[in-house]
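Novice: Spelled out, the chains give:
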Amino acid sequence: MSPPILEIDGLHLGYATRTGTAAALRDVHLSVDAGESVGIVGESGCGKSTLLKAVMGVMPPNAAIEKGAIRFQDIDLVTADPVVWRRARWSGIAMIAQSALNALNPVMRVSAQIAEAILAHENWPRDKVRARIRELFEMVGVDSSRIDDFPHQFSGGMRQRVLIAMALALRPPVLLADEPTTALDVIVQDQIFRRLNQLQEELGFAMLLVTHDLGLVIENCERIVVMYGGMIVEAGPTAQVIAAPAHPYTLGLYNALPRLGAAVEPISIPGRPPDLERPPAGCRFADRCPFAQARCRTDPPMRDIAPGHWARCHRTDEMEALRPAALDPDTWERAADTATTTDPDIIKRI
Amino acid sequence: MGRYILRRFFHMAITLFAMITLMFFLFRLLPGDPTATVISPALDAEAREAMRARFGLDRPLIEQYLVYLVNLAQFDFGLSFRTSRPVWEQIELRLVNTLLLILPSMIAAYMIGAFGGALLAWYRGGRVEGNVVLAATALQSAPVFWLGMLAILVFSIWLNWFPTGHIVTPGRFPDPSWRMYLTLDFLHHLALPFFVNTLYNLCFPLLLMRSTMLSTIGEDYVELARMKGLRESRVLYRHAMRNSLLPLATTMPMILGWSVAGSVVIETVFSWPGLGLLMIEGITRSDYPVVQAAFLLIAVLTILGTFVADLLYGLLDPRIVYR
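Chain order of the listed sequences is F and G. The working numbering numbers the first residue of the first sequence as 1 and each following residue consecutively. The working numbering numbers the first residue of the second sequence as 351 and each following residue consecutively.
Hints were generated in silico from the structure; no laboratory data involved. Treat the hints with care, since some could be wrong.
[Said to hold, decoys possible] Facing chain G, from chain F, some residues (calculated, C-beta under 8 Å):
| no. | residue |
| --- | --- |
| 1 | Ala80 |
| 2 | Val84 |
| 3 | Arg86 |
| 4 | Glu116 |
| 5 | Ala120 |
| 6 | Trp124 |
[What the hints assert, rightly or not] Pairwise CB distance ranges, derived in the manner of DEER restraints:
| no. | chain 1 | residue 1 | chain 2 | residue 2 | range |
| --- | --- | --- | --- | --- | --- |
| 7 | G | Ala368 | F | Ala131 | 54 to 60 Å |
| 8 | G | Arg358 | F | Asp143 | 34 to 40 Å |
| 9 | F | Asp148 | G | Arg435 | 41 to 47 Å |
| 10 | G | Met499 | F | Asp148 | 39 to 45 Å |
For every residue, glycine included, the Cβ atom is placed at its ideal position computed from N, Cα and C.
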């Protein structure tokens with residue numbers, strides 16, 4: 001087997017705040033093989049966007065990589081010269097930005113914005129650059145006569161296509177996508193993903209898709225990575241993880257997914273994500289977990305469930321028995337009550 | 351675009367007309383008989399009447415106003431009460447003097463302000479930033495005449511680097527002409543007022559640019575520009591700074607108007623024979639035609655500046671289309 005094209009190895013990242021350091025990423029291990037699609041899911045603030053920014057090397061000034069490596073084609077970008085990392089951006093790892101509405105510079109023609117990305121890495125003559133931009137527009141399904149328009153002249157869906165065209169400009173082997181369709185309606189979202197999947201088949205790039213929409217990952221990604229509170233809690237082949245989730249948080253996420261025509265109502269996970277400046281001891285999900293025990297206050301192990309499928313939980317062995325209880329909304333409500341209540345009287349009543 | 355410019359010219363004409371009318375009647379309301387300063391009180395009433403008739407001051411106000419309008423339309427600003435010569439003769443060189451001081455110093459202030467403010471925001475959080483912001487706020491709050499006097503004290507009196515005032519060494523050009531602008535002596539005299547005026551006008555664009563930049567830096571397109579692997583300098587200038595220029599462009603005509611009007615202060619401190627000093631002279635001598643013409647020119651400069659800024663805004667921001 002060839003080595004993964006992108007490998008994140010034990011990454012720790014912290015944000016310096018007024019009151020201390022927020023542990024935004026802790027011990028993140030993730031590898032992406034050439035041509036495959038990996039989906040990262042988790043709720044807001046779980047660190048999934050931070051992870052992508054870290055891979056691109058565009059963290060805000062108060063963020064620092066404390067430990068770990070980000071290897072692209074076997075070069076560790078974290079310890080490499082900043083110029084190496086800059087050159088790897090876009091030509092090696094490109095990104096489809098999150099917000100199509102704000103990701104394009106409003107005062108530059110889109111052709112100029114794509115051209116500058118190309119010219120930052122290649123020494124092409126003007127004609128070749130423009131021919132490439134036209135070709136990219138055709139690829140993503142936008143009329144190539146519009147390359148010299150300004151961003152405000154495009155609709156939201158078209159702008160997202162332009163961003164995809166921009167990302168593909170240098171045929172990067174890895175494409176990151178951060179919630180690429182959240183601002184768009186479902187029909188446009190579907191069109192864009194269909195086009196992306198076609199392009200992936202044609203061009204063979206690997207895709208790392210970050211989203212809070214589990215459904216999108218199930219439809220589009222071969223592998224799934226579940227993040228919670230700055231850590232990866234479960235990772236594995238999508239079909240297998242969905243069929244047999246090994247972490248209570250994955251169970252909860254799956255339960256929260258609305259299903260068409262199903263009798264069961266979506267169940268939400270009560271409570272809030274942990275405070276990353278003062279994370280709870282042990283498992284970061286324990287406060288909201290209906291199956292938490294005393295030992296969950298110690299760091300959970302990374303356990304292999306099946307080849308390529310692992311989870312970070314003390315009770316992975318018992319998951320089979322716990323899964324039916326997870327389908328009952330009351331199970332989750334009780335966990336939230338005991339976790340968030342400090343008044344001893346209320347606890348006694350329960 | 352053509353129709354927009356045409357409409358703007360129409361609006362500008364209306365604004366100007368209102369300005370002219372307002373100023374004409376305001377000046378007639380001023381107390382004091384202008385002839386009193388020109389003609390010796392010892393002169394008899396008959397001679398005074400002849401004088402009043404010569405300047406047309408004996409006619410009804412409305413007639414005076416109409417005559418004024420007709421003359422203005424022919425770029426005739428009337429006769430100075432003091433010299434009995436056309437006002438324009440006095441104003442011409444004065445206007446040039448003021449513009450030679452104000453325009454370069456405004457351009458310098460905006461250039462330094464834009465780049466300085468952008469860099470302050472880009473390298474945020476350092477000691478330099480804090481000190482510069484403090485200094486700019488303090489400078490902006492200081493009265494410009496005080497700054498001017500301080501500069502004269504330090505650079506002219508203590509260090510003796512620059513003359514204390516005037517546009518050229520007095521007596522060198524007994525008859526002011528265009529040739530005097532081509533001398534090093536002129537630049538030597540220009541340096542200090544230019545420096546003080548630039549320093550004073552620099553603070554506003556600097557602080558504005560810094561705060562605009564701070565919000566622009568957080569924009570997604572700036573992050574995307576960095577992700578594209580562009581050099582930091584390109585991200586700074588082409589993306590962050592380019593987008594932060596818009597508010598700066600809108601304030602420019604306003605500041606230009608203030609600056610020309612405010613030239614009264616700086617010109618008085620440096621005895622700079624410009625429009626501002628002429629206004630002061632005109633007011634103390636009740637020479638209304640001169641003062642009125644000076645006010646009118648300031649109004650015209652402000653109106654034109656606003657128009658240019660509007661056009662500039664359309665050039666800077668493609669989202670703005672003038673119809």
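Novice: So, for every hint listed, does it hold in this structure?
Specialist: So, going through the hints one by one against the coordinates:
Hint on Ala80/F is violated. Least Cβ distance to chain G is approximately 14 Å, over the 8 Å limit. Violation of the interface hint for Val84/F is found here, the shortest Cβ-Cβ separation to chain G being roughly 11 Å, above the 8 Å cut-off. Taken as an interface hint, Arg86/F checks out: its beta carbon lies about 5 Å from the nearest beta carbon of chain G, inside 8 Å. Taking 8 Å as the C-beta cut-off, the interface hint given for Glu116/F holds, the closest approach to chain G being about 6 Å.
For the restraint placing Ala120/F at the interface with chain G, the shortest Cβ-Cβ distance is roughly 5 Å, inside the 8 Å limit, so the hint holds. The criterion of a C-beta within 8 Å of any C-beta in chain G is not met by Trp124/F, whose closest approach is roughly 15 Å, and the hint is violated. Here the CB-CB span from Ala368/G to Ala131/F is close to 57 Å, well matched to the stated 54 to 60 Å. Between Arg358/G and Asp143/F the beta carbon distance is about 35 Å. The supplied range of 34 to 40 Å therefore holds.
Taking 41 to 47 Å as the suggested C-beta distance range, the pair Asp148/F and Arg435/G does not conform, at roughly 58 Å. Under the hint 39 to 45 Å, the C-beta atoms of Met499/G and Asp148/F, about 55 Å apart, miss the expected range.
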